[in-house]
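Colleague: Please work from the sequences and hints to get the whole structure.
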Amino acid sequence: MKKHFFFLLFICITCITSNVEASGISNTNGVEQKTISTDLKYSMIPAQGETDGALCNFQSGKESLGKGWKGHGAEFAGIKSSGSITGVHAKLAVFAPGTVEYGQYSAAYVSVESGEGGSRNQIKAGWVVNPCYFNDNEVHFFLSFLGDDEGNCWDTSCDDFIATWGTNDLKLGDILTPSKVGHADQTFLEIFIGQDDKVKMWFLNANGRGVGYWKGEYFSTLLKGATTTRIGGEAYTPQGGIRVHLWEVVL
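Quick note on numbering: the sequence shown equals residues -22 to -1, 1 to 229 in mature numbering (1 follows the signal peptide of the UniProt record, and there is no 0).
Hints may contain errors.
Said to hold, decoys possible - For lysine-lysine, the following DSSO-like pairs were computed, each having C-alpha atoms within a straight-line distance of at most 30 angstroms:
(1) 202 <-> 58
(2) 69 <-> 149
(3) 176 <-> 58
(4) 193 <-> 149
(5) 149 <-> 58
(6) 202 <-> 178
(7) 58 <-> 178
(8) 58 <-> 193
(9) 158 <-> 69
Think of the hints as simulated: they come from the structure by calculation, not from any bench. Treat the numbers as computed from the prediction; the structure is a model and nothing was measured.
Modeller: Okay, here's the thing in structure tokens:
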């Protein structure tokens, strides 16, 4: 019998606390990682984000959209942890969520967040299907980030993110091959977002390789470390539209 489940498969979820030295930009070797446990909470809630540019730009976390589920808007399902955080690591299974219409998106990501209002800082990285932005229905590796009083930046659209990937490394915007349901071979995207313990700048690794880093002055509240991390999925459907699934796995 076929059963339809709407969930995100993720494993190897770890959190680096503020008293653990973060790694350099290029890799995560030698980083002590502590598993998140009792403070994790699963939720299906309206996502934190802005309504401006929601069709093409990923939600960037200034205020709740105030919608979700039957009212649509941006919805998040996953786990949330709060505390003093200087890094988060997760291994996300890559799935194609089916047809995503123009004006919708479906994504799975890891995020670190800090601050409120105009001082809110946020970094999101993972995979997304967003026809409006990429002009296709493929699964793409993406990055979204928000600094003080700044608009949401996507991939390399802002100069504040310095790319460090090599010729053969995974690059922002690259198309990912999704896992095939029922097959033993699975496609995973391993994300590590960390803060250097000495210079305090944040950096992004994917599949064990460096992707890039942010100039230290770009963030203010994140400069002191993150207070919240999320690992899960997010989908956006305009009000009145046919609700896009966060993900679909058939067993």
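Colleague: Next, verify each hint and record whether it holds.
Modeller: Hints, one by one, checked against the model:
1. 202 <-> 58: 19 angstroms, holds
2. 69 <-> 149: 17 angstroms, holds
3. 176 <-> 58: 27 angstroms, holds
4. 193 <-> 149: 19 angstroms, holds
5. 149 <-> 58: Answer holds: residue 149 to residue 58 is near 27 angstroms, not above 30 angstroms.
6. 202 <-> 178: Judged against 30 angstroms, a Cα distance of about 8 angstroms means the pair holds.
7. 58 <-> 178: Holds - the C-alpha atoms of residue 178 and residue 58 are around 23 angstroms apart, at most 30 angstroms.
8. 58 <-> 193: Given pair residue 58, residue 193 holds - Cα atoms ~26 angstroms apart, limit 30 angstroms.
9. 158 <-> 69: Roughly 17 angstroms separates the two Cα atoms, so the pair holds.
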